[in-house]
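Novice: Sequence:
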Amino acid sequence: MNGATLNFDLYAMAQPKNRNDLIALAHEVLAELSMIDGHLDRAIERCEASATA
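Position 48 (the sequence shown) corresponds to 48 in full-length UniProt numbering; numbering is contiguous.
Just so you know, these hints were derived from the structure itself, not from any lab. Each hint should be verified, as a subset may be incorrect.
Claimed, not checked - Beta-carbon label-pair distances, calculated as ranges:
1. 52 x 19: 42 to 52 Å
2. 16 x 53: 15 to 25 Å
3. 53 x 15: 45 to 55 Å
4. 20 x 51: 38 to 48 Å
5. 15 x 35: 23 to 33 Å
6. 18 x 52: 49 to 59 Å
7. 20 x 53: 44 to 54 Å
8. 44 x 24: 23 to 33 Å
9. 39 x 14: 40 to 50 Å
Even for Gly, the Cβ is constructed at its ideal location relative to N, Cα and C.
Produce the complete structure using the sequences and hints provided.
Specialist: Following this line, the structure appears as structure tokens:
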């Protein structure tokens, strides 16, 4: 791992106080997953470019 911190509180995610907390955390998790997806897409593109070069 690169030591990057996540933007959401794992304890709060495990113990949401109400529905709004859960919704806010879900949005944060989805944003993090979207960033991860972007990193994976770029890594795959680099691998494919290397393989065809």
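Novice: Now tell me, hint by hint, if it's right for this structure.
Specialist: How the hints compare with the structure:
Checked against the hint of 42 to 52 Å, the pair residue 52 and residue 19 passes, with Cβ atoms roughly 49 Å apart. Judged by the Cβ atoms, the range 15 to 25 Å given for residue 16 and residue 53 is violated: they are separated by roughly 48 Å. Taking 45 to 55 Å as the suggested C-beta distance range, the pair residue 53 and residue 15 conforms, at roughly 50 Å. About 47 Å separates the C-beta atoms of residue 20 and residue 51, a value consistent with the hinted range of 38 to 48 Å.
Look at residue 15 against residue 35: about 24 Å separates their beta carbons, and that is inside 23 to 33 Å. Against the hinted window of 49 to 59 Å, the Cβ-Cβ separation of residue 18 and residue 52 comes to about 51 Å, which satisfies the hint. Distance hint check: the CB atoms of residue 20 and residue 53 are about 50 Å apart, consistent with the given range 44 to 54 Å. Checked against the given bound of 23 to 33 Å, the beta carbons of residue 44 and residue 24, roughly 31 Å apart, stay inside it.
A hinted range of 40 to 50 Å for the beta carbons of residue 39 and residue 14 is inconsistent with their spacing of about 25 Å.
Checked against the numbered hints above, the structure violates hints 2 and 9; every other hint is satisfied.
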